[in-house]
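Undergrad: First to last, the sequence lines map onto chains A and B.
For the first sequence, position 92 (counting from the first letter as 1) is numbered 92 according to the numbering used here, and the numbering increases by one without interruption.
For the second sequence, position 4 (counting from the first letter as 1) is numbered 4 according to the numbering used here, and the numbering increases by one without interruption.
The set of hints was computed from the structure by calculation and includes no laboratory data.
Ideal Cβ positions, reconstructed from N, Cα and C, are used throughout, including at glycine.
Some hints here could point you the wrong way.
Listed next, with one range per pair, are the computed distances between beta-carbon atoms [as the list claims (entries may be wrong)]: (1) ARG66(A) - GLY416(B): 55 to 61 angstroms; (2) GLY140(B) - GLU114(A): 35 to 41 angstroms; (3) GLY140(B) - THR55(A): 49 to 55 angstroms; (4) GLU114(A) - ARG330(B): 27 to 33 angstroms; (5) THR55(A) - ALA585(B): 50 to 56 angstroms; (6) GLY96(A) - LEU505(B): 47 to 53 angstroms.
Partner residues are not named here, just some residues of chain A that face chain B (Cβ under 8 angstroms, in silico) [stated by the list, open to error]: (7) VAL81; (8) PRO91; (9) HIS106; (10) ALA107.
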Amino acid sequence: MSHHIGETCDGCGACVRMCPTGAVTGAKKTRHAIAAELCIECGACGRICPRGAVTDAFGIPCEAVRRSAWDKPRFDAGRCVSCGICIDACPARCLGLSEALQRERHALPFLAEEKNCLGCGFCVRECPMMAISMEGLKK
Amino acid sequence: MGKGYMGKILRVDLGTREIREGALPEAFYERHLAGQGLAARLLSEEIPAGADPRGPGNVLAFAAGILTGTGSLFAGRWTVAGKSPLTGGWGDANAGGTFAPAIKRCGYDAILFRGASEAPVYLYVRNGSAELRDAADLWGRDTTDAEEALAARHGPGARVAAIGPAGEKRSLLAGISNDRGRIAARSGLGAVMGSKQLKAVVLDGNLRIPVHDRSEIKRLSEGCNRWVRLQPPFLPGPAAAYVGSLMRMLPMQMAQDGLLYKILLKKWGTVSMNQMSVEMGDAPVRNWLGSSADWPPAKSLSVNPDAVIAREQRKYHCYSCPLGCGGICRTARFAETHKPEYETVLALGALCMNGDLDSICDLNERLNRAGMDTISAGGTVAFAIECYENGLLTKADTDGLDLTWGNTAAVVALVGKMISREGIGDLLADGTRAAAARIGKGAEQFAVHAGGQELPMHDGRNDPGYALHYAAEPTPGRHTLGSQMYYEMFQLWRKAKDLPSPAPLYFKGRKYDPSPEKAVMAAACTRYMNVANGAGLCLFGLFLGAHRIPVFDWLNAATGWQRSPEEYLALGGEIQTIKQRFNIAHGIDPASVSLPGRALGRPPQQEGANRGRTVEIEEMRGGYWREFGWDPQTGRPPETGKAESGSSSAM
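Here chain A stands alone, though its shape is the one from the complex (with noise of 0.2 angstroms):
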């Protein structure tokens, strides 16, 4: 299962710069592709094309977002553990720790490189504890 680059792509490289994994490949102004083994389906290639070239797993076209308005995650300190799940599972890396909270010293998890995240909502789903949700700006 992975998205898919369609015959629209005119090689500007905007999802080789932002796919986490680095599983586009193409030469600069021709079309690119996506190596399935690689793709990790996080949509940001999608959201990111200005030409509406890329399809997700099911063959839906993915819809151009204005970078300044993806979903970003936001935490539950009341519902979080510090498992670090979160952490482990953001492709971007844009997670890290908080300093020690004074009552029990549990770190939480914030979003830490706000720039660098892809919106793709992988911390919400791998969260054991259904601390996290997507916020952000609507379309």
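Chain A is already provided as a structure; the job is to place chain B on it using the hints.
TA: Showing chain B alone in chain A's frame:
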């Protein structure tokens, strides 16, 4: 690609520098799981009989468990396995931190190294693309220093497991460290890595880990976490010692529910037991010759749990752990250091009669950085002290150190020499068995090891289950496979209906009765731990009890299999037989592995918590081996056929 597992392994030949991928069929995982089970099966086939553990013929495996990365809790342990240079037989060790999911996120369940490099190298893997790189600039640097250098080079996503000077110098006590001091320390496998001139493994992966039913896993994890969250107030640290005192004085004891231990772990970590264990007779004192009477609460007050966590800046959670028994501490010497574990505090403390907590914290960090096992290091120091006290070593031998009981400065200096292999440190850096052989003059009587591995800080004279597992395992001298108390805490009878439930209250003397039922219980512990080590689970999670931590349900949800707890436990037994066969093939005579008399109460102690206690190890061991279908006298699995079929247990 399978479900829960990645379905691929990476093979690296350090001699030819060839790197290639291999696939494993689903049937393989169904039979051996991943993690330690995977390693046991593959390495049994790939390490030639009689191979030199520190030679190119040994194969070293870094493996992750099936549940790691699936949303299961407590699934952050990775396993390193190979032929142990310390015992000469099967060797494995595991550690927490964040390295376990990194193996799978690179696309593999395991990475296997064979051969030996001619110059120092490290392996760098980025999402299925692997290469060997020059490590000349890293050789000689400690584990944390090397890890930081590699993280700076490869970015924040890089996860590093490295050896330190101990592994480079091929010390038999060497382990492999990740996350700045989580260390897979036992079995001496750091020396194998050193012999291959493999300084580090660097993994930078962000691939998806496939899961059959993630929502079911989450549902199970939420249920499990409710028990982890349950945290009523508990006594202050110094008062915890007297819980142990009370347990010592009472003629009876209750079957333990691990929920109590969970509360202690969450509040303090394993150091919660620093004083309590001595008081109840669980912790050895003065190289196993002393007792609770030699190390009363007034003396051990300096290492009470509150004193340790007074240094703690924040809790440390391994990957996927909701408990957080670890801690990051600040000491006068180190701005950040992992909180020492119970084993470390006792091995470098009561075992050597050293009550100085600052020295223990600093030695913990120094040993982690050196990549040396704190249990074996402490056991070896205690051995050296006893040799010195009995005139087998003199000041001329010890480079002027006055190795007397409780001499903190001498303990610190000696560990430093062991790390650098200077002077007497070179003699001791390979552990008690090797040192005793070199010293001669009857020094072996002071060497407290099983099959070459120094005994951990749990006394079989208090819980004979520990003594049994120390003596009867393919990996002798290990405390993480079973004990009578573990069986009580695992509460497996709630899942596998034919397993016996222990009496809720019993006279302590019953612990020493080598009944067939105890053999069934001990074998069940081992089977369960073999499943857990194949799943990548942490022992401390299992202490919650099988009705609170859904190990078998998680496995089914992750893989899509529909197997019963009994089927999983039977599989754990088969893994045990694979490890035992490995030892037989490599010339180990299981019946020749013995514990020193002092660890068995031969002669019995005259005072303290375990006075008058003797462990009937031979009878216990025979019954235990019989449970796996092995010969009760020799410990040998049958030559042909399925070993488990001979089991008399209810499996």
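Undergrad: State for each hint whether it applies.
TA: A quick look at each hint next to the structure:
1. ARG66(A) - GLY416(B): 55 to 61 angstroms: Hint holds: Cβ distance 59 angstroms, inside 55 to 61 angstroms.
2. GLY140(B) - GLU114(A): 35 to 41 angstroms: Once the Cβ atoms are compared, 39 angstroms apart, the range 35 to 41 angstroms for GLU114(A) and GLY140(B) holds.
3. GLY140(B) - THR55(A): 49 to 55 angstroms: Roughly 52 angstroms apart at Cβ, these two residues keep to the hinted range, so it holds.
4. GLU114(A) - ARG330(B): 27 to 33 angstroms: holds (30 angstroms)
5. THR55(A) - ALA585(B): 50 to 56 angstroms: holds (54 angstroms)
6. GLY96(A) - LEU505(B): 47 to 53 angstroms: For LEU505(B) against GLY96(A), whose Cβ atoms are near 49 angstroms apart, the range 47 to 53 angstroms holds.
7. VAL81: holds (4 angstroms)
8. PRO91: holds (4 angstroms)
9. HIS106: Since the shortest Cβ distance to chain B is 5 angstroms, the answer is holds.
10. ALA107: holds (5 angstroms)
Going down the numbered hints, you'll see the structure goes against none, and every one checks out.
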